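Put together the whole structure using the sequences plus the hints.
If you want the building blocks of each chain, they are given just below.
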Amino acid sequence: MDLSEILAMIWGSLPEMVWLIFIYGIVTLGLNFILGHGGMFHLGQIGFFVLGGMASTIVTSELWVKKYPGLTPFSNFVLGIILGVVISILAAVGIGVPTLRLRGDYFAIATLGFGEIVKVVLNANDDLRYVPVPKIFHTGSEEIDLDLEIILAAGIFIIFFIIIMWLTRRPFGRVLHAVRDDELGAESLGKNAFVVRLKAFIFGAAMASIAGSLYVHHFGVFSPMSYMIDMTVMFLVIVVLGGIGNNVGTLLGVITVVFLSAIPRWITRACEIDPTTVNIGAINLLIFAGIIIAVMIFHPPGILGEGSKLEPFANRIKREVMRFLLGARRGGGHA
Amino acid sequence: MLAGVEVMLEVRKVTMDFGGVRALDEASFKAEEGVITGLIGPNGAGKTTMFDVIFGFLRPTSGEVLFKGRRIDGLEPHIIARMRIGRTFQIIRIFPKMTVMDNILCAAQNHPGEGLLMSIFPLPGVRKREDEARLKALELLELVGLKEKKDEKAGTLSYGEQKMLEFARALMVEPEFIFLDEPMAGLNLEMKRFMGKILLDLKRAGRGVLIIEHDMSAIMSISDRVVVLNFGKVIATGTPSEIQNNPLVIEAYLGEEQRRAGEPDAS
Chain B
1 MDLSEILAMI
11 WGSLPEMVWL
21 IFIYGIVTLG
31 LNFILGHGGM
41 FHLGQIGFFV
51 LGGMASTIVT
61 SELWVKKYPG
71 LTPFSNFVLG
81 IILGVVISIL
91 AAVGIGVPTL
101 RLRGDYFAIA
111 TLGFGEIVKV
121 VLNANDDLRY
131 VPVPKIFHTG
141 SEEIDLDLEI
151 ILAAGIFIIF
161 FIIIMWLTRR
171 PFGRVLHAVR
181 DDELGAESLG
191 KNAFVVRLKA
201 FIFGAAMASI
211 AGSLYVHHFG
221 VFSPMSYMID
231 MTVMFLVIVV
241 LGGIGNNVGT
251 LLGVITVVFL
261 SAIPRWITRA
271 CEIDPTTVNI
281 GAINLLIFAG
291 IIIAVMIFHP
301 PGILGEGSKL
311 EPFANRIKRE
321 VMRFLLGARR
331 GGGHA
Chain R
1 MLAGVEVMLE
11 VRKVTMDFGG
21 VRALDEASFK
31 AEEGVITGLI
41 GPNGAGKTTM
51 FDVIFGFLRP
61 TSGEVLFKGR
71 RIDGLEPHII
81 ARMRIGRTFQ
91 IIRIFPKMTV
101 MDNILCAAQN
111 HPGEGLLMSI
121 FPLPGVRKRE
131 DEARLKALEL
141 LELVGLKEKK
151 DEKAGTLSYG
161 EQKMLEFARA
171 LMVEPEFIFL
181 DEPMAGLNLE
191 MKRFMGKILL
201 DLKRAGRGVL
211 IIEHDMSAIM
221 SISDRVVVLN
231 FGKVIATGTP
241 SEIQNNPLVI
251 EAYLGEEQRR
261 AGEPDAS
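Going line by line, the protein sequences match chains B and R.
No gaps in the numbering here: position 83 of the first sequence is 83 in our numbering, and each next residue is one more.
No gaps in the numbering here: position 100 of the second sequence is 100 in our numbering, and each next residue is one more.
Calculated directly from the structure, the hints in this document are not laboratory data.
These numbers come from a predicted model, not from an experiment.
Incorrect hints may appear among the rest.
Here are the simulated lysine to aspartate or glutamate pairs, EDC-like style, with alpha carbons at most 16 Å apart [unchecked claim]:
1. R/LYS150 x R/GLU161
2. R/LYS153 x B/GLU306
3. R/LYS97 x B/ASP181
4. R/LYS203 x R/GLU64
5. R/LYS192 x R/GLU182
6. R/LYS13 x R/ASP25
7. R/LYS153 x B/ASP181
8. R/LYS233 x R/ASP25
9. R/LYS97 x B/GLU311
10. R/LYS233 x R/GLU26
11. R/LYS30 x R/ASP17
12. R/LYS153 x B/GLU311
13. R/LYS97 x B/GLU306
14. R/LYS203 x R/GLU6
15. R/LYS97 x B/GLU183
16. R/LYS30 x R/GLU6
17. R/LYS30 x R/GLU64
For each label pair, taking beta carbons as the anchor points, the in silico distance ranges come out as [what the hints assert, rightly or not]:
18. B/VAL120 x R/GLY125: 30 to 38 Å
19. R/SER217 x B/TRP166: 46 to 54 Å
20. R/LEU117 x B/GLY104: 21 to 29 Å
We put the beta carbon where it would ideally sit given N, CA and C, even for glycine.
See below:
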């Protein structure tokens, strides 16, 4: 490959990466809400991501469409998202109620187990292994309408980004932060720490489920075991790299990680190595490990986390943006 | 006993065992509204354990705690707090990463905006309630002299200021009864005098106050009634002057020195 071909190859892979940034962005924004703002060490975000995919697969599958022919593909698509959210909420309540009253480690173990078990259970079901999912974003031919997918994913991401911003700045976030920083202190002020945590957990889980629904429609196939442990690690790396508890940081983390994990693929393609001889997943894991170690050694707060060197700079930008968006209406605002 | 005042808090024969250690041993006492009750005792007498039992952080092994005639032992702390009971802690429990203002706003009661959906789509009443809470919080911050520092992170305040912040936060609950665990410890003289003044104001407003304090001169001058704990038992109750002359109390506080002083004679 000469240089122009390589550049063309990289350029061609960009749209899908942008789409992936929004999908992972929704998942990790939810994870950051649970982990960073809620202080719950949640390791099973992938479980809800898979559940969302499963629900969308069922509702848009041929069997379902035959059974309920009156529904349009679009309404099935929406129904899949809603069903995924409902299932995820039930699952989050199921995990949260017994473990959120206990010490944090129990919650971490329970969620990690949940994420892995969901995949195994769904994989054991023959009807759900490698199920073809209608590519509703098809433009008639074989080509996927990626632009439409990107717009949809970006729209949902932006909506959630705004909602998460509200949630973390408004009274709910205040109480959530109080519970995170000092549970007994918050309890002594009449706040039910358990309920506040459970609400935040459910909300973050539902976000992962919605992203999971969008995700399966892109690949057109649902195979539970293809969601590897790499993904759990990746979600965690994104939040840690961006800075735990910072929403903008999470977005920067997603962008960085998606680009970094595209590099091995670019190199194998550019050097014309047979892709079947390279384990890209393993290389990505190495990259994630490298990121985590580098962050921990050189700058533990991550890009924009509490105590980051970039914080004053970011605050200035934030003030300017706020001033631009709100005018002088509510002056300053509260961090 | 003071006549014509209502008993707010009643502790009946509360026993608290930690494994083989009996921290509270059938301790009973009462605290009335409009009265400052002091809870004193030597180190390890069970004072803080008593607070934790009353406030629901610990479930007593046996015995009852009543607030306005209703049993509250075994209830969760947030339910007890919602009965308009405020407390501060011996080891300060503010939220260090949050601003001073947010620390106090957290204590607002019946705030509809604290619901998850209400924070996404606030109904008209929410903003009004939030503004009210802010006004109230500013008032309290002014009272404890922290108004200028309202936007600073609470963790950056000095020890004394953090203590005052925690106190203001407990007042934000609009407590009918307030528990203070060593409110004077670590405060300078001016702040102590100031704290004493606020406590007297609370008393005049008809609130109940229960204080644990090591500063004897402070507690004797401010309390109307004093309850003395020793080895988990209530050994005396009465007015400060009665307590000061009670031989059991003197024995509990000075016993060790007397015994030590007596040793040469015995040998």
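Need the status of pair R/LYS30, R/GLU64: alpha-carbon distance at most 16 Å? Judged against 16 Å, a Cα distance of about 12 Å means the pair holds.
Are the Cα atoms of R/LYS97 and B/ASP181 separated by 16 Å or less? Within the cut-off at roughly 8 Å; holds.
Decide if the proposed pair is consistent with the structure: R/LYS153 and B/GLU311, CA atoms, cutoff 16 Å inclusive. holds (15 Å)
Against the 16 Å threshold, does the CA-CA distance of R/LYS97 and B/GLU183 hold or violate the hint? Status holds; Cα separation ~14 Å.
If you draw a straight line from the CA of R/LYS30 to the CA of R/ASP17, is it 16 Å or shorter? Measuring from Cα to Cα gives roughly 21 Å; hence the hint is violated.
Range hint 30 to 38 Å (beta carbons of B/VAL120 and R/GLY125) holds or violated: violated (48 Å)
Assess, step by step, whether the Cα of R/LYS97 is no farther than 16 Å from the Cα of B/GLU306, and give holds or violated. holds (9 Å)
Below or equal to 16 Å on CA atoms is what counts here, so check R/LYS150 against R/GLU161. Between R/LYS150 and R/GLU161 the Cα gap is close to 12 Å, so the pair holds against 16 Å.
Are the Cα positions of R/LYS97 and B/GLU311 separated by 16 Å at most? At roughly 14 Å apart (the allowed maximum being 16 Å), B/GLU311 and R/LYS97 satisfy the hint.
Just to be sure I understand the hint, the distance between the Cβ atoms of R/LEU117 and B/GLY104 should be within 21 to 29 Å; is that true here? Between R/LEU117 and B/GLY104, where Cβ atoms are some 26 Å apart, the hint holds.
Please verify whether R/LYS13 and R/ASP25 have alpha carbons no more than 16 Å apart. holds (7 Å)
Assess, step by step, whether the Cα of R/LYS203 is no farther than 16 Å from the Cα of R/GLU64, and give holds or violated. Violated. R/LYS203 to R/GLU64 sits at ~25 Å, over the 16 Å cutoff.
Taken one by one, the earlier hints fail for this structure at numbers 4, 11 and 18, listed in ascending order.
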